[in-house]
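Novice: Chains as they are written, first to last, in UniProt numbering: chain A, 1 to 374; chain B, 1 to 221.
If you're looking for bench data, these hints aren't it; they were derived computationally from the structure. Built from N, CA and C at the ideal position, the CB exists for glycine as well. Keep in mind that a hint or two might mislead.
Listed next, the stretches of chain A that the computed footprint assigns to chain B, with coverage defined by at least 3 CB atoms under 8 Å from CB atoms of chain B [what the hints assert, rightly or not]:
1. 7-14
2. 64-75
3. 266-275
4. 349-360
Here's a subset of chain A near chain B, in silico, CB distances under 8 Å, partners left out [to be verified]:
5. V52
6. T55
7. R91
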Amino acid sequence: MIRIDSVTKRYPDGTVAVDRLSLEIPDRSITVLVGPSGCGKTTTLRMINRMVEPTEGTILLDGEDIQRQPVTTLRRSMGYVIQNAGLFQHRTIVDNIATVPRMLGWGKQRARERAVELMERVGLDTSLAKRYPYQLSGGQQQRVGVARALAADPPVLLMDEPFSAVDPVVRKGLQEELLRIQGELGKTIVFVTHDIDEAVTLGTMVAVLREGGRLAQYAPPAELLSTPADGFVEDFLGADRGIRRLSFFPAAPLELSTDAVVPADAPAERIAAVGSPYLLVTGPDGRPLGWAERDRLTDGTVDTGRLLPYGRPFVPGADSLRVALDCAVLSPTGWAVAVDADGRVTGVVSQRTIGEAIRAAHSAGRAEDEKVAG
Amino acid sequence: MNVLHFVNAFFSDGAHWQGYDGIPQRFWEHVQYSVLALAVASAIGLPVGLLTGHTGRGGNALALIANAARALPSFGLLVLAVLLIGFGLLPVMIPLVVLAVPPVLVTTYEAVRSVDPAPVDAARGMGMHESRILFHVELPVALPLILSGLRSAAIQIVSTATIAAYVSLGGLGRYIIDGLYQRDYEKVVGGATLVAALALATLALFWAAGRLTVSPGVRRR
Ligand SMILES: Nc1ncnc2c1ncn2[C@@H]1O[C@H](COP(=O)(O)OP(=O)(O)OP(=O)(O)O)[C@@H](O)[C@H]1O
Ligand SMILES: [Mg+2]
Numbered sequence: 001m002i003r004i005d006s007v008t009k010r011y012p013d014g015t016v017a018v019d020r021l022s023l024e025i026p027d028r029s030i031t032v033l034v035g036p037s038g039c040g041k042t043t044t045l046r047m048i049n050r051m052v053e054p055t056e057g058t059i060l061l062d063g064e065d066i067q068r069q070p071v072t073t074l075r076r077s078m079g080y081v082i083q084n085a086g087l088f089q090h091r092t093i094v095d096n097i098a099t100v101p102r103m104l105g106w107g108k109q110r111a112r113e114r115a116v117e118l119m120e121r122v123g124l125d126t127s128l129a130k131r132y133p134y135q136l137s138g139g140q141q142q143r144v145g146v147a148r149a150l151a152a153d154p155p156v157l158l159m160d161e162p163f164s165a166v167d168p169v170v171r172k173g174l175q176e177e178l179l180r181i182q183g184e185l186g187k188t189i190v191f192v193t194h195d196i197d198e199a200v201t202l203g204t205m206v207a208v209l210r211e212g213g214r215l216a217q218y219a220p221p222a223e224l225l226s227t228p229a230d231g232f233v234e235d236f237l238g239a240d241r242g243i244r245r246l247s248f249f250p251a252a253p254l255e256l257s258t259d260a261v262v263p264a265d266a267p268a269e270r271i272a273a274v275g276s277p278y279l280l281v282t283g284p285d286g287r288p289l290g291w292a293e294r295d296r297l298t299d300g301t302v303d304t305g306r307l308l309p310y311g312r313p314f315v316p317g318a319d320s321l322r323v324a325l326d327c328a329v330l331s332p333t334g335w336a337v338a339v340d341a342d343g344r345v346t347g348v349v350s351q352r353t354i355g356e357a358i359r360a361a362h363s364a365g366r367a368e369d370e371k372v373a374g
Numbered sequence: 001m002n003v004l005h006f007v008n009a010f011f012s013d014g015a016h017w018q019g020y021d022g023i024p025q026r027f028w029e030h031v032q033y034s035v036l037a038l039a040v041a042s043a044i045g046l047p048v049g050l051l052t053g054h055t056g057r058g059g060n061a062l063a064l065i066a067n068a069a070r071a072l073p074s075f076g077l078l079v080l081a082v083l084l085i086g087f088g089l090l091p092v093m094i095p096l097v098v099l100a101v102p103p104v105l106v107t108t109y110e111a112v113r114s115v116d117p118a119p120v121d122a123a124r125g126m127g128m129h130e131s132r133i134l135f136h137v138e139l140p141v142a143l144p145l146i147l148s149g150l151r152s153a154a155i156q157i158v159s160t161a162t163i164a165a166y167v168s169l170g171g172l173g174r175y176i177i178d179g180l181y182q183r184d185y186e187k188v189v190g191g192a193t194l195v196a197a198l199a200l201a202t203l204a205l206f207w208a209a210g211r212l213t214v215s216p217g218v219r220r221r
């Protein structure tokens, strides 16, 4: 565990970048430092590997003051990833990744084998091994940066806005990759970002810092979204905090209706029995084909050539209420389509039902909070 | 009568290719003076430039001294050195080294300074020692610029090393000075042509050195 104990950093010009900050960073989880520009995130991170020395306070690593060991030893036990990757442009990708193992005295062959192994781990095609950094895209360079930091298998990983220089689609991919790698390796990761969405997506714990380097709130993301400590945190979380919070509620408890789901070849009597104005038509394999409007059927049966698109379906076991709501909002009928892992329809659910589930989830969440508090 | 005629006459005269005043001998002497001067200038300019570039300290003082040194006339320095220490190789080396140190030192300093700080930060963050950062992170990237500083120093040395002849030493300057004294313009033009050829060869040498030592990742091709 990394313990930051009442640490202050005052730069020589008098700027107080971090002000009496205390944080307990749990092992084998991702702790995110988030906050507006200039609030001291980078300074805090760099104090952990002593790239910046604190003015006051101490930082403990597994109970021991980090000042007590040689600075290079400390740094070699911590992977360090920065914004634009900071790759060595004169070295090939494998040699970039092999840097720390080589520094630690590994043989060239072993270090290279390890580097190739890491390329696979971070989702890089090993055919890129002999390329130079300038021949890679920004996203690929960032992956190399992560692989390089992981090469000597350090228990701690410090990451300073590693994904902020790539476009949103690539960033999402990199975030998913990081979560996957973290699931496999279980590092103690300290991750700096100014993007609250990224913080909520990645963090096991999120520390929100405010200007002047003071801690505004330190909580798991769900709690941050449900109970922001003050107006600053609330503003920082943004206007769609409520919607974002839905990501933390599973869609599984939603009550699905199968009444309106009919096969394309259903007889007229079956269709006439449906109570709702829309019918979800399924194909012979059970997959959705589209919506039919009951009042506009010609002879009481379905014409598969004249269906409304069914939009994007959700998977109740895997998706959150946020995804279910999004599907319902985007659906032309206001109903979301639920499917199983194989894409077969398991039912449909209305916006109203989702709304009730949200209210239920919120009150359950409040009861939970009260139990924790009491 | 034109320059080409002089050149032709000079090089086709068999007598110019033999003996202590023959082209191979004078050429070799010139190369020796030049290499020695460049070696001494590098021994001063490279370490100081690398160190100040890496630490970022003392850069302004350096630029000041280097510019002052540039203003010194080589010939004046030569005369002064001879007056102070007499004839020999040393008084010739002084102006050549003074001429070459500023470009080597200043470009080396600038080259290291201009290296992208991000990889340096990354290297430090992964626990690399400062000397290793300088030689394994900064130097390989700064190399093209450092070589260009060495190259311009070398070219200046090659053309200025002709002054060795003023103090009774050899080198290609002999042809120029003796030719002027004897009003043998064939010799003057021949000597000047040889100096120009040596300068071109120096360029080629540095080009090859760049190809061999600069990583394709830095050359970007
Ligand atoms: N070397 C330094 N000398 C003086 N002041 C500094 C130095 N480095 C940072 N600061 C100041 O300290 C404060 C915090 O800087 P820091 O880089 O930690 O912020 P940050 O939260 O990482 O910001 P950003 O999101 O823009 O990266 C800022 O006011 C900054 O100007
Ligand atoms: Mg920062």
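Novice: So, for every hint listed, does it hold in this structure?
Specialist: Going through the hints against the structure:
1. 7-14: violated (count 0)
2. 64-75: Held - the region 64-75 of chain A has 5 residues with a Cβ nearer than 8 Å to chain B, which meets the minimum of three.
3. 266-275: violated (count 0)
4. 349-360: Our answer is that it is violated, as 0 residues pass the Cβ test (under 8 Å) against chain B, missing three.
5. V52: Status violated, d = 11 Å.
6. T55: violated (20 Å)
7. R91: holds (7 Å)
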